[in-house]
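There are 2 protein chains.
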Amino acid sequence: MVRDLSADLKACAINTATLGFQAPIKEVVEAVARAGFGALAPWRREVEGGDVPAIAKQIRDAGLKVSGYCRSTYIPANTRDGFRSNVESNKRAIMDAAVLGADTFVMVVGGLPLHSKDIAGARQQVKDATAELLRHGKELGVRLSLEPLHPVYAAERSCLTLTAEALDWCDEIEGGTLDPWLGVCLDVYHTWWDPNVLSSIARAGAARRIFNFHVCDWLVPTEDVLNDRGMMGDGVIDVKALRAAVEAAGYRSHVEAEIFSVRNWWTRAIDETLSITRERFATAT
Amino acid sequence: MVRDLSADLKACAINTATLGFQAPIKEVVEAVARAGFGALAPWRREVEGGDVPAIAKQIRDAGLKVSGYCRSTYIPANTRDGFRSNVESNKRAIMDAAVLGADTFVMVVGGLPLHSKDIAGARQQVKDATAELLRHGKELGVRLSLEPLHPVYAAERSCLTLTAEALDWCDEIEGGTLDPWLGVCLDVYHTWWDPNVLSSIARAGAARRIFNFHVCDWLVPTEDVLNDRGMMGDGVIDVKALRAAVEAAGYRSHVEAEIFSVRNWWTRAIDETLSITRERFATAT
Numbered sequence: 092m093v094r095d096l097s098a099d100l101k102a103c104a105i106n107t108a109t110l111g112f113q114a115p116i117k118e119v120v121e122a123v124a125r126a127g128f129g130a131l132a133p134w135r136r137e138v139e140g141g142d143v144p145a146i147a148k149q150i151r152d153a154g155l156k157v158s159g160y161c162r163s164t165y166i167p168a169n170t171r172d173g174f175r176s177n178v179e180s181n182k183r184a185i186m187d188a189a190v191l192g193a194d195t196f197v198m199v200v201g202g203l204p205l206h207s208k209d210i211a212g213a214r215q216q217v218k219d220a221t222a223e224l225l226r227h228g229k230e231l232g233v234r235l236s237l238e239p240l241h242p243v244y245a246a247e248r249s250c251l252t253l254t255a256e257a258l259d260w261c262d263e264i265e266g267g268t269l270d271p272w273l274g275v276c277l278d279v280y281h282t283w284w285d286p287n288v289l290s291s292i293a294r295a296g297a298a299r300r301i302f303n304f305h306v307c308d309w310l311v312p313t314e315d316v317l318n319d320r321g322m323m324g325d326g327v328i329d330v331k332a333l334r335a336a337v338e339a340a341g342y343r344s345h346v347e348a349e350i351f352s353v354r355n356w357w358t359r360a361i362d363e364t365l366s367i368t369r370e371r372f373a374t375a376t
Numbered sequence: 092m093v094r095d096l097s098a099d100l101k102a103c104a105i106n107t108a109t110l111g112f113q114a115p116i117k118e119v120v121e122a123v124a125r126a127g128f129g130a131l132a133p134w135r136r137e138v139e140g141g142d143v144p145a146i147a148k149q150i151r152d153a154g155l156k157v158s159g160y161c162r163s164t165y166i167p168a169n170t171r172d173g174f175r176s177n178v179e180s181n182k183r184a185i186m187d188a189a190v191l192g193a194d195t196f197v198m199v200v201g202g203l204p205l206h207s208k209d210i211a212g213a214r215q216q217v218k219d220a221t222a223e224l225l226r227h228g229k230e231l232g233v234r235l236s237l238e239p240l241h242p243v244y245a246a247e248r249s250c251l252t253l254t255a256e257a258l259d260w261c262d263e264i265e266g267g268t269l270d271p272w273l274g275v276c277l278d279v280y281h282t283w284w285d286p287n288v289l290s291s292i293a294r295a296g297a298a299r300r301i302f303n304f305h306v307c308d309w310l311v312p313t314e315d316v317l318n319d320r321g322m323m324g325d326g327v328i329d330v331k332a333l334r335a336a337v338e339a340a341g342y343r344s345h346v347e348a349e350i351f352s353v354r355n356w357w358t359r360a361i362d363e364t365l366s367i368t369r370e371r372f373a374t375a376t
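As you go down the protein sequences, you meet chains L and U in turn. The first sequence lines up with residues 92 to 376 when you count with our numbering. The second sequence lines up with residues 92 to 376 when you count with our numbering.
These are calculated hints, taken from the structure and not from any lab test. Think of the CB as a built atom: it goes at the ideal place given N, C-alpha and C, for glycine as much as any other residue. Incorrect hints may have been included.
[As the list claims (entries may be wrong)] What follows is a set of in silico ranges between Cβ atoms, one per label pair, in the way DEER data are often shown:
1. L:Asp95 - U:Ser290: 53 to 61 Å
2. U:Gly341 - L:Ser97: 54 to 62 Å
3. U:Lys148 - L:Asp262: 40 to 48 Å
4. L:Gly267 - U:Gly127: 51 to 59 Å
5. L:Arg94 - U:His206: 35 to 43 Å
6. L:Val143 - U:Pro312: 50 to 58 Å
7. U:Glu139 - L:Gly267: 33 to 41 Å
[Said to hold, decoys possible] Below, a list of computed lysine-lysine pairs in the DSBU-like style, where the Cα atoms sit at most 30 Å apart:
8. L:Lys208 - U:Lys331
9. L:Lys208 - U:Lys148
10. U:Lys117 - U:Lys208
11. L:Lys101 - L:Lys229
12. L:Lys331 - U:Lys218
13. U:Lys208 - U:Lys148
14. L:Lys101 - L:Lys148
15. L:Lys101 - U:Lys208
16. L:Lys208 - L:Lys229
17. L:Lys331 - U:Lys208
18. U:Lys331 - L:Lys218
19. L:Lys218 - L:Lys229
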């Protein structure tokens, strides 16, 4: 049975990027709680340098969960020092994720180092770093969620693109386990086009590795592949079918709206965006 | 042994899109032959409505081959009539490909019909049409080359994205055969990010299904995913490694430069672009 999100707003999460970083995290937490959602996923830019325990307490007191903490520092680097620096930055972020009580630390792994053409080398760096960060995450009680990104971002943001590849990495790094600490963040924007998306979802579910499920839509036309994502229902992604697949594969955690939209949603008042997102969770997700 | 393109310019082809459609096909043919290349791949916009046999004769007389004829009408449609119309349009184009003596008819298969979210349905339409067009191509002596496009084009240009999927379709439609009429057009722009690209190239070569090999580069940053491709060597694709893989898989036909570049190469004189392309075939391909 696919969950009825119109009756279960607590299953719905707001990734704060959806709101365009217009307000301090304190106001965002209040707005998300006021709108009735069950969780939010904050970004490091909203948290780092602030009073992290106080932010965590505010979120808890508002009755909200933290569905994920966004996101990792890009890992691949041209030098050993650069690589170590990126790993250490992620370790610090994972500590903040622990303080926040985040369900997962979302890993957008990074693309090619400057001037590099070596995507296989970049992938190896990511795997090495993930193995180290996984040990760190287990110690702190934070699960790591590898997010394969749409291949349009392969050069600059994520050498990890296919869901099947992310699952291969999970197996390679963690091995088979009943209660994994390493899993995947599935985002319809990044995965909808993949002819293997349904089989990969089934595989991920069977391995209990679906840690996050993000929704938005692919607009036609898309004016900017980075910041012109659509609200669920406004594009060509069969979001309902993908949610049904994810839930059929056993996923029961939050359905999270993450919409980068410089020309539309980020120009709107936060409460308006939250209200329409709530409606679209019910009608188009 | 990877071929030495600096000593084998006849192995190099120019896709006429690289020259920005600035001149009539007659002048383009003259310029490509004058520059010493072995082949060109014209577009239907340059050919249809013209005297196709005369164009074919000019190309032959200039000592050029036609590495491919670009490209298919998008196939998926919302209605049966729309689908039939698209198939018939492709049949006419395949007749022109035969007149041109084209080595292949390049198939960019199309994305989702207007307002559709049914990518699986679009793929089925493409497979059905390809089966029909393959029979037509065999009768006329024209090989069909399915071109998987980068997933960024999945919605609007090609529901076919992965090379492995294209090969699955070839097997499904044509079966195993020693001398296939259905194959794939591998373009580094569309495939470089794919973690399975090397295994897919090996599989395609073993099945003798690599019909075309297109080169260009992925610029960082890319300003426009449609028309901001780079010249070989100017971006992050390891073009040499991919050409080596394709040749190791047995490919011996043309290496074709296809560069959509509204802000750079299309603003240059044709002879200048051809001269630099020739140099980059030798140094960066």
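Against the structure, the hints:
1. For the pair aspartate 95 (chain L) and serine 290 (chain U), the supplied restraint of 53 to 61 Å is violated, since their beta-carbon distance comes to about 42 Å.
2. Look at glycine 341 (chain U) against serine 97 (chain L): about 56 Å separates their beta carbons, and that is inside 54 to 62 Å.
3. Distance hint for lysine 148 (chain U) and aspartate 262 (chain L): a CB-CB separation of about 58 Å, inconsistent with the stated range 40 to 48 Å.
4. The hinted window of 51 to 59 Å between glycine 267 (chain L) and glycine 127 (chain U) holds, with their beta carbons roughly 57 Å apart.
5. Under the hint 35 to 43 Å, the C-beta atoms of arginine 94 (chain L) and histidine 206 (chain U), about 27 Å apart, miss the expected range.
6. A hinted range of 50 to 58 Å for the beta carbons of valine 143 (chain L) and proline 312 (chain U) is inconsistent with their spacing of about 33 Å.
7. For glutamate 139 (chain U) paired with glycine 267 (chain L), a C-beta distance near 57 Å fails the hint of 33 to 41 Å.
8. For the suggested pair lysine 208 (chain L) and lysine 331 (chain U), the alpha carbons sit about 10 Å apart, so the restraint of at most 30 Å is met.
9. Between the alpha carbons of lysine 208 (chain L) and lysine 148 (chain U) the distance comes to roughly 42 Å, so the proposed pair goes past 30 Å and is violated.
10. With a CA separation close to 42 Å, the supplied pair lysine 117 (chain U) and lysine 208 (chain U) exceeds the 30 Å bound.
11. The suggested pairing of lysine 101 (chain L) with lysine 229 (chain L) holds, with an alpha-carbon distance near 27 Å, which does not exceed 30 Å.
12. With a C-alpha separation of about 25 Å, the suggested pairing of lysine 331 (chain L) with lysine 218 (chain U) holds against the 30 Å cut-off.
13. Restraint check for lysine 208 (chain U) and lysine 148 (chain U): the C-alpha separation of about 45 Å exceeds 30 Å, so the hint is violated.
14. For the proposed pair lysine 101 (chain L) and lysine 148 (chain L), the alpha carbon gap of about 19 Å is at most 30 Å, so the pair holds.
15. Annotation: proposed proximity of lysine 101 (chain L) to lysine 208 (chain U) holds, straight-line Cα distance about 28 Å (limit 30 Å).
16. This hinted pair does not check out: lysine 208 (chain L) and lysine 229 (chain L) have alpha carbons roughly 33 Å apart, beyond 30 Å.
17. A hinted pair counts as satisfied when its Cα atoms are at most 30 Å apart, and lysine 331 (chain L) with lysine 208 (chain U) qualifies at roughly 10 Å.
18. Only pairs whose Cα atoms come within 30 Å are accepted, and lysine 331 (chain U) paired with lysine 218 (chain L) is accepted, the gap being roughly 25 Å.
19. Using a Cα cut-off of 30 Å, the hinted pair lysine 218 (chain L) and lysine 229 (chain L) holds, with the two alpha carbons roughly 16 Å apart.
In summary, the structure is inconsistent with hints 1, 3, 5, 6, 7, 9, 10, 13, 16 from the numbered list given earlier, while agreeing with the others.
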